[in-house]
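Starting from the structure of chain V, add chain S where the hints point.
Line by line, the protein sequences are chains V and S. Counting in the working numbering, the first sequence runs from 11 upward without gaps. Counting in the working numbering, the second sequence runs from 572 upward without gaps.
It is worth saying that the hints were derived from the structure and are not from the lab. None of these values were measured; they are calculated from a predicted model. There could be a bad hint or two in this list.
Said to hold, decoys possible - Selected chain S positions facing chain V (Cβ under 10 Å, derived; list incomplete): (1) GLY610; (2) ILE634; (3) TYR648; (4) ASN658; (5) MET669; (6) GLN672.
As the list claims (entries may be wrong) - Derived pair list, reagent style SDA-like, types lysine to any residue, alpha-carbon separation capped at 20 Å: (7) V:LYS42 to S:ASP622; (8) S:LYS661 to V:GLY114; (9) V:LYS122 to S:LYS621; (10) V:LYS42 to S:SER655; (11) S:LYS661 to V:ASN105; (12) S:LYS621 to V:GLY45; (13) S:LYS606 to V:GLY112; (14) V:LYS149 to S:SER655; (15) S:LYS640 to V:GLY114; (16) V:LYS19 to S:PRO599; (17) S:LYS615 to V:GLU110; (18) V:LYS42 to S:GLY651; (19) V:LYS99 to S:SER655; (20) V:LYS19 to S:ASN597; (21) S:LYS606 to V:LYS123; (22) V:LYS123 to S:ASN597; (23) S:LYS661 to V:LEU23; (24) S:LYS615 to S:MET662; (25) V:LYS123 to S:VAL584; (26) V:LYS123 to S:PRO599; (27) S:LYS661 to V:HIS48.
The beta carbon of each residue, even a glycine, is placed where N, CA and C say it ideally should be.
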Amino acid sequence: MEHKTFVAKMENLELMINFILVHARKQGFDEKMLGQIHLVAEEALVNVVNYGYPGKTGDIEIACGPAEDKQGILIEIVDSGIPFNPLEKPEPDINLPLEERGIGGLGIFMIKKIMDKVTYKRENDKNFLSLVKYVGSTK
Amino acid sequence: METNFSVSLENGVAKMTLAGRIDATNAPALQDEVKKLVGQTVNKIVFFVKDLEYIASAGLRVIVFAKQKLGVAAQVYLIGAQESVLNVVKMSGLDNFMTIQDKFEE
Numbered sequence: 011m012e013h014k015t016f017v018a019k020m021e022n023l024e025l026m027i028n029f030i031l032v033h034a035r036k037q038g039f040d041e042k043m044l045g046q047i048h049l050v051a052e053e054a055l056v057n058v059v060n061y062g063y064p065g066k067t068g069d070i071e072i073a074c075g076p077a078e079d080k081q082g083i084l085i086e087i088v089d090s091g092i093p094f095n096p097l098e099k100p101e102p103d104i105n106l107p108l109e110e111r112g113i114g115g116l117g118i119f120m121i122k123k124i125m126d127k128v129t130y131k132r133e134n135d136k137n138f139l140s141l142v143k144y145v146g147s148t149k
Numbered sequence: 572m573e574t575n576f577s578v579s580l581e582n583g584v585a586k587m588t589l590a591g592r593i594d595a596t597n598a599p600a601l602q603d604e605v606k607k608l609v610g611q612t613v614n615k616i617v618f619f620v621k622d623l624e625y626i627a628s629a630g631l632r633v634i635v636f637a638k639q640k641l642g643v644a645a646q647v648y649l650i651g652a653q654e655s656v657l658n659v660v661k662m663s664g665l666d667n668f669m670t671i672q673d674k675f676e677e
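Pulled out of the complex, with its shape left as it was, chain V reads as follows (with noise of 0.2 Å):
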C-alpha cells in the first residue's frame, strides 16, 4: 500500500484523485473504469472535505494499493474528523421526480453502486473508509 497525506481541502481534490487515479491505472482498469474510479473518489473525499471537519482544518490521508483477493485496486480513505458512517445513511429514492428530489446521499448511493465493496469502520478516533473494485467488474 501508498500512502500520502493531504489537507483536507476543495483545492486538494484533483491531487487526491490523482494519486488514486495513478494507483488505479496500475492495476489495469481501462479508461471507463478509470472514469467511474474518478467519480467515486470524488465523492467519497468531498464528503470529508466539506463536512469532516466542521470550523477547522484536517487531513485526509489515502492509501492505495491492489485488492487482495482478485486483481483490482483497495482504496482507503482515512481521517480524524467527526464520526461518521456514511454507509448509515438512508439511500436517496431515485424514483422520485426532479422536484421532489432531496439534495442528500446521491454521492454515497453512486459509490455502492460502482464499487464492489464498500467497508467503514471507526477507530482510534479515526473513519477509515475502504473501496474495492475488481479489474473486469461490470457491477
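Leaving out everything else, chain S in the frame of chain V:
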C-alpha cells in the same frame, strides 16, 4: 479557474451549456449562475452537454436545483450526452425525468 459553463434565458427557455468537468469545485459557481434566473418565466430547462466529459453528484444537484427553483412545471432536456455522463445520470435515476435527445427538438 477556467469557466466551462454558460447560462442564458431566451423566450422562456433556460439554456445551460456545460463542458469538460462539472464537479464539486465548480458546481457552486454554476449554481450561482442558475440562481440569477430565479423569478423569471422558465418553461424549458435545456442542458447542452456534448462537450461534458464528467459530472459528479454536485453537478447533478445543480440539475435538480434548476428544476426546483426555476420552474417545477418546466420540462428538463439533456442534449448530446456522452456515454460517461449518461451513465451517471441513469445511475441517479434522473434520466426518467428528463427528455434525452441528441439534438434539441422542442
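Results of checking the hints against the structure:
A least Cβ separation of about 17 Å between GLY610 of chain S and chain V goes past the 10 Å threshold, and the interface hint is therefore violated. At its closest, the beta carbon of ILE634 of chain S sits 7 Å from a beta carbon of chain V; the interface hint therefore holds under the 10 Å criterion. Taking 10 Å as the C-beta cut-off, the interface hint given for TYR648 of chain S is violated, the closest approach to chain V being about 12 Å. Interface restraint check for ASN658 of chain S: the shortest CB-CB distance to chain V comes to about 8 Å, inside 10 Å, so the restraint holds.
With 10 Å as the threshold, the beta carbon of MET669 of chain S comes within range of chain V, its nearest partner Cβ sitting at about 8 Å, so the hint holds. At its closest, the beta carbon of GLN672 of chain S sits 17 Å from a beta carbon of chain V; the interface hint therefore is violated under the 10 Å criterion. Restraint check for LYS42 of chain V and ASP622 of chain S: the C-alpha separation of about 16 Å stays at or below 20 Å, so the hint holds. Restraint check for LYS661 of chain S and GLY114 of chain V: satisfied, since their Cα atoms lie roughly 17 Å apart, inside the 20 Å limit.
At most 20 Å may separate the alpha-carbon atoms for a hinted pair to count; LYS122 of chain V and LYS621 of chain S exceed this at roughly 27 Å. With a C-alpha separation of about 7 Å, the suggested pairing of LYS42 of chain V with SER655 of chain S holds against the 20 Å cut-off. Distance hint between LYS661 of chain S and ASN105 of chain V is fulfilled; the C-alpha atoms sit about 11 Å from each other, no more than 20 Å. With a C-alpha separation of about 17 Å, the suggested pair LYS621 of chain S and GLY45 of chain V falls inside the 20 Å cut-off, and the hint holds.
The suggested pairing of LYS606 of chain S with GLY112 of chain V holds, with an alpha-carbon distance near 18 Å, which does not exceed 20 Å. With a C-alpha separation of about 15 Å, the suggested pair LYS149 of chain V and SER655 of chain S falls inside the 20 Å cut-off, and the hint holds. A threshold of 20 Å between alpha carbons decides the hint, and for LYS640 of chain S with GLY114 of chain V the separation of about 17 Å falls inside it, so the pair holds. Using a Cα cut-off of 20 Å, the hinted pair LYS19 of chain V and PRO599 of chain S holds, with the two alpha carbons roughly 15 Å apart.
Restraint check for LYS615 of chain S and GLU110 of chain V: satisfied, since their Cα atoms lie roughly 18 Å apart, inside the 20 Å limit. In summary, the hint linking LYS42 of chain V to GLY651 of chain S is supported, as the alpha carbons are separated by about 18 Å, within the 20 Å threshold. Among the hinted pairs, LYS99 of chain V with SER655 of chain S is inconsistent with the structure: their alpha-carbon atoms are about 26 Å apart, more than 20 Å. Between LYS19 of chain V and ASN597 of chain S the CA atoms are separated by roughly 14 Å; this keeps the pair inside 20 Å, and the hint holds.
A hinted pair counts as satisfied when its Cα atoms are at most 20 Å apart, and LYS606 of chain S with LYS123 of chain V does not qualify at roughly 31 Å. For a cut-off of 20 Å, the pair hint linking LYS123 of chain V to ASN597 of chain S is broken: about 24 Å separates their Cα positions. Among the hinted pairs, LYS661 of chain S with LEU23 of chain V is inconsistent with the structure: their alpha-carbon atoms are about 25 Å apart, more than 20 Å. Annotation: proposed proximity of LYS615 of chain S to MET662 of chain S is violated, straight-line Cα distance about 23 Å (limit 20 Å).
Note on LYS123 of chain V and VAL584 of chain S: the hinted pairing is violated, with a Cα-Cα distance of about 34 Å set against a maximum of 20 Å. Taken as a hint, the LYS123 of chain V and PRO599 of chain S pair is broken in the structure, with Cα atoms around 25 Å apart against an allowance of 20 Å. About 17 Å separates the Cα atoms of LYS661 of chain S and HIS48 of chain V, which keeps this hinted pair within 20 Å; it holds.
Checked against the numbered hints given earlier, the structure breaks hints 1, 3, 6, 9, 19, 21, 22, 23, 24, 25 and 26 and satisfies all the rest.
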